[in-house]
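Participant: Given the coordinates of chain X, work out where chain A should sit on it, guided by the hints.
Going line by line, the protein sequences match chains X and A.
Residues in the first sequence are numbered from 1 upward in steps of one, following this note's numbering.
Residues in the second sequence are numbered from 338 upward in steps of one, following this note's numbering.
Derived from the structure by calculation, the hints contain no laboratory data.
In this text, all values refer to a predicted model and were calculated from it rather than measured experimentally.
Among the hints, erroneous ones may be present.
As the list claims (entries may be wrong) - Straight-line Cα separation of at most 25 Å, PhoX-like style, residue types lysine-lysine; simulated pairs: (1) A/K529 to A/K505; (2) X/K235 to A/K359; (3) A/K357 to A/K529; (4) A/K357 to X/K235; (5) A/K357 to A/K777; (6) A/K357 to A/K922; (7) A/K922 to A/K887; (8) X/K235 to A/K529; (9) A/K944 to A/K887.
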Amino acid sequence: MRLAANSLSGPVEDVAGQAGHREHPPRMGFFTDTSVCIGCKACEVACKEWNEVPEDGLNLLGMSMDNTGSLGASSWRHVAFIEQPRRLARHDAGIAGLPVGPSGTEATAGIVESALRRAPRGGGELGTSPYEPGHVPAVPLADGPERTDFRWLMMSDVCKHCTHAACLDVCPTGALVRTEFGTVVVQQDICNGCGYCVSACPFGVIDRRPGDGRAHKCTLCYDRLRGGLEPACAKACPTSSIQYGELDALHERARGRLEALRASGVAEARLYGEDATDGVGGCGAFFLLLDEPAVYGLPSTPVVASRDLPAMWKAAGVAALGLLAAALSAFMEPRER
Amino acid sequence: MGSNMAEAHPVGFQWVMEAKEKGATVIHVDPRFTRTSALCDLHVPLRAGSDICFLGGVVNYIFEHDLVFRDYVAPYTNASFIVNEDFTDTEDLDGLFSGWDERRTGYDRSSWQYEHEGEGGTLAEPSTREHATGHSCGASGPRLEGGSGPIRRDPTLEHPRCVYQLLKRHFARYRPEMVAEVCGTPVEQFLKVCAAWTSASGRERTAAVVYAVGWTQHTSGAQLIRTAAIIQLLLGNIGRPGGGIMAMRGHASIQGSTDIPTLFNLLPGYLPMPTAETGSDLATYLAAVKADRQKGFWRLADAYMVSLLKEYFGERASAENDFGFDWLPRTSGDHGTYRSVMDMVDGKVSGYFLLGQNPAVGSAHGRLQRLGLANLDWLVVRDLTMIESATFFGDAPEIATGEIVPSRCKTEVFFFPAAAHTEKEGSFTQTQRMLQWRDKAVAPKGDQRSELWFFYHLGRKIKALVADSGDERDEPLRALWWDYAVVGDEPQAEDVLRRINGYDERSGRLLDGYVELKADGTTSCGCWIYSGVFAGGINQAARRTPGSAKDPYALAWGWVWPANRRILYNRAAADPDGRPWSQAKACVWWDEERGEWIGHDVPDFEKSKAPSYVAPPDAVGPDALSGDDPFIMQADGKGWLMAPNGLEDGPFPTHYEPHESPVANALYAQQANPTRRVYPRPDNPSNPAPSEGHREVFPFVLTTARLTEHHTAGAMSRTLPYLSELQPALCVEVSPELARLRDLEHLGWAHVITSRAAIEARVVVTDRMAPLVVQREVVHQVWMPYHFGARGLVTGDAVNDLFGVALDPNVFIQETKAATCDIRPGRRPRGPQLSELLARYRARAGISSETGTARDATPPGGGRDGEQEA
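Excised from the complex, chain X in its bound form (with noise of 0.2 Å):
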């Protein structure tokens, strides 16, 4: 079989018509806005109503007001919280000049980061089944300089419905395929079970259920899409902080709202999946974020593992090691500025 032009990496003008669709609708995905979230989870509740995911566990897991901790088979939305000390912008966070002492957003992370080292999967259950951190060895609070800033980031994460779908590529089964939207979709009678999309995906986001056996992920509510109808987290979204729609209109809104953000003083603020020549090709669900992806738990520099064959497997062991600092970074300052 000969491959067409960028079919494994690199910009694609055509995605869906590359993957055979002859009439089809523009390419739709998600412009997840972050400066708006408020962290409602708003987006978690109506994309389980809908797709009747079930619930993933009863669990607190101390990661801020983030009790999902993960993307995951049965979690296809998760709303990051990432408390830090230092400051957003303009932002006041009204610290200054009260009787504080050093932050405690170390030491909590450090609490956080040990139960989920104990755990079976290193934190690979988040987000996919119940998972009990029980009690650990509390890290006593760091003795430092006193803390003068804060502040807390909120985002809403999904599957990125990559131009060049890692899962897709590698599914033997032809589960895994691309709509006439241009979204990826698991099919669930089709879908075997091996679990090589799990540690082809970049960001960590497919996942097999427990006692189902089959892998799980966000469809983009392609049901609704085909019945004209939005995507169910965008249409619960109070802030519009998740927008659906046309893909090209979207990164054109983003830029004029990433132009505004820098302008109104976040420097740091950033579209992160928008850039087509990026390791995927670009993503279907992109994003603006505040600060670096790897704040927010995300890969900074996501590839494909199909641009490099021959390196999939490596590529798989990364991906896994990236899932456990995706979990984790989200609760830590990144080492390197």
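Facilitator: Below, chain A without anything else, positioned relative to chain X:
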């Protein structure tokens, strides 16, 4: 302020985010850093319960920096009115106003009145009002004799006894340094708020205030909101677009449940409930509601009341029988929910209905609530799920302590499954006073029925039972008109809304608005402020035309009481001459050619009354309103910077410490609100006031709130997996500093203790909590969400068990947003050991029934000379 809008009202918060995107500065003043704070420009911390001092500081800043919007304040408020020379301020009586009556621990308000021109000078309150309390007055407040004509005023605002000068002096010591000392808010941070808030004032700009139960659930809650109203009036931010004070309500249609009240002291439309004093006959009642020579639309209360009686009793109501007024029950005192619970404990109440309420978890002092429920003969609970208030006899914490013995609990519980809002039709009234009709989406299953069904058939059956009783006392029930349209066995909600709208009884025509109401029995109306919701025979609440550039107020979306006016008192959106203050803030204005008020909103003013109109001195009611009297419901047509009547605790808001506070009042000898309702009884202990010593026993400030992921007492969220997994456990948030002090571990257990209860929770250590410096000492605050109880997919101790019962004197709201507590690592003891732990704490703190309940704490004779006790 007093609201965690992003978390508790996420859907409404979209408009705040939109405003921010358009350049608005958004400030969050709150004891802790919440999801709201994260999205605002500025978070300003303060000590829970110190809000009046903070806001009073803003008032002071406005005066100090000469930032009063005088063009607005002089004509539209009572700033220029001269007050009785007998009035004495808290500045001179160390925290009390003139008129304090120690015997009945309340005020005689006669010295707070305006001075009047002509003979007699001051017009005292009529004698029938002497013992009236705020709760018996309805929304009109007590009456106020005289139109604006006879009130003596000084338009220059210089007279030492004019409201303007009295207000200025009242808050003169609320300087930024005092705010810092009392609230713990650093001076710089406080000044940022003052600068931003006062800059949003004047012709071109406005500011809006949003609050929720963070303000109301205090022993000075009503006064707290009044302080904000004073600021907004001084800045000209009332009745104008982008201005106002927005009360975020606790659930869907809580606004509706005060408009058509579930409150013991109100009839529909904020008419007061007749009392034993005012209820002898209709004329006496009306005389207590309104004054003959009063200005404004409350003067027409007779039309509202008679129309209500016509709706209640139909043809049985006539002029000959006082329209059936005598069939209404009378109140004889405090019949509020907390008084009733104590009466339940004391065996004075035999039966109780609970609808959409879970007091075993959701009300203050859970133990008292449960012991009350356990001492009834019968209890009816209607809810979506089996709640703790229906199962207390089997799962209350008092079973472990031996205080409730299931086999001996005599309460017979009747549980009725209720239909959800998606399973019935009806209207919701939201925070903007907007009625929105909703249709039934699906039929309720099994025995689930609507509230309307329940009460209609209950009423029908009771009427049948007493139809032939011959007993005089059953006459009100026999006279009650109860003939609602029914399809199958379901009463029709639209028919009820039509009766609320009201009819012309002669023609059977639906009324178009409250101005059509008559006092002669020819109209009926279930709630006068809702009249017009069926104008033209159309269900206006069901309209769904979104707003547009031409229609920014979306006037055809739903229906807003009164008369579909979106901004109350919007006459104030135009200057005294009737012109918009600015093009940017145009709302309604006077059109000289057409000779009427026009604009984007429905004018909240008589349509053809010119701005230049001066009411003749002998006019009364609406006719007495001049063209520059925007506050058409007020008895003087003006916005009240000073409230000469209507409040129990003073004409000006004053900083009092919460009922339970770790510090002494830095401003006055008077520690707490002297008129707050306290209930000194062995089963309702209070933590000691600082002057009583032992403050080290309960050294921390306790405050509670909601999480986005749960709903109030949890019946609608703890039972649902998708919500329960998002917040699966009761937690207590503490700062890293308090965690160090008390050896608390992140994700470990801790128990929180007050003199009422000890409850346990998982610890969350977070930078979002921070200590404050208050009066040179570090004060730590402890926060908990109150959603958990014994039942559901996720369970936990009930946080409201920690609180006692101490109430605001005006509205009987409990103080559950500020108390004192201790916190210790580890789980709480079980069973009898729990009771012993609490007994030890009470002994250490020297607590008796009377502890913390002293009301007048000023030195005899008043005066500020005595040293304050620390």
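Participant: Please verify whether A/K357 and A/K529 have alpha carbons no more than 25 Å apart.
Facilitator: 17 Å, holds
Participant: Quick one, are A/K922 and A/K887 close enough, alpha carbons at most 25 Å?
Facilitator: The given pair, whose Cα atoms are some 15 Å apart, holds under the 25 Å limit.
Participant: Taken at face value, is the distance from the CA of A/K887 to the CA of A/K944 at most 25 Å?
Facilitator: Holds - the C-alpha atoms of A/K887 and A/K944 are around 21 Å apart, at most 25 Å.
Participant: Compare the distance between the alpha carbons of A/K529 and A/K505 with 25 Å, and conclude whether the hinted pair is satisfied.
Facilitator: Holds: A/K529 and A/K505 sit about 21 Å apart, inside 25 Å.
Participant: Sort out whether A/K529 lies within 25 Å of X/K235, counting only the CA atoms.
Facilitator: 37 Å, violated
Participant: Need the status of pair A/K357, A/K922: alpha-carbon distance at most 25 Å?
Facilitator: 18 Å, holds
Participant: Taking 25 Å as the top limit, are the C-alpha atoms of X/K235 and A/K359 close enough?
Facilitator: Holds. X/K235 to A/K359 sits at ~23 Å (cutoff 25 Å).
Participant: Run the distance test for A/K357 versus X/K235: straight-line Cα separation, threshold 25 Å.
Facilitator: 21 Å, holds
Participant: Hey, A/K357 versus A/K777, does the alpha-carbon distance stay inside 25 Å?
Facilitator: 36 Å, violated
Checked against the numbered hints above, the structure violates hints 5, 8; every other hint is satisfied.
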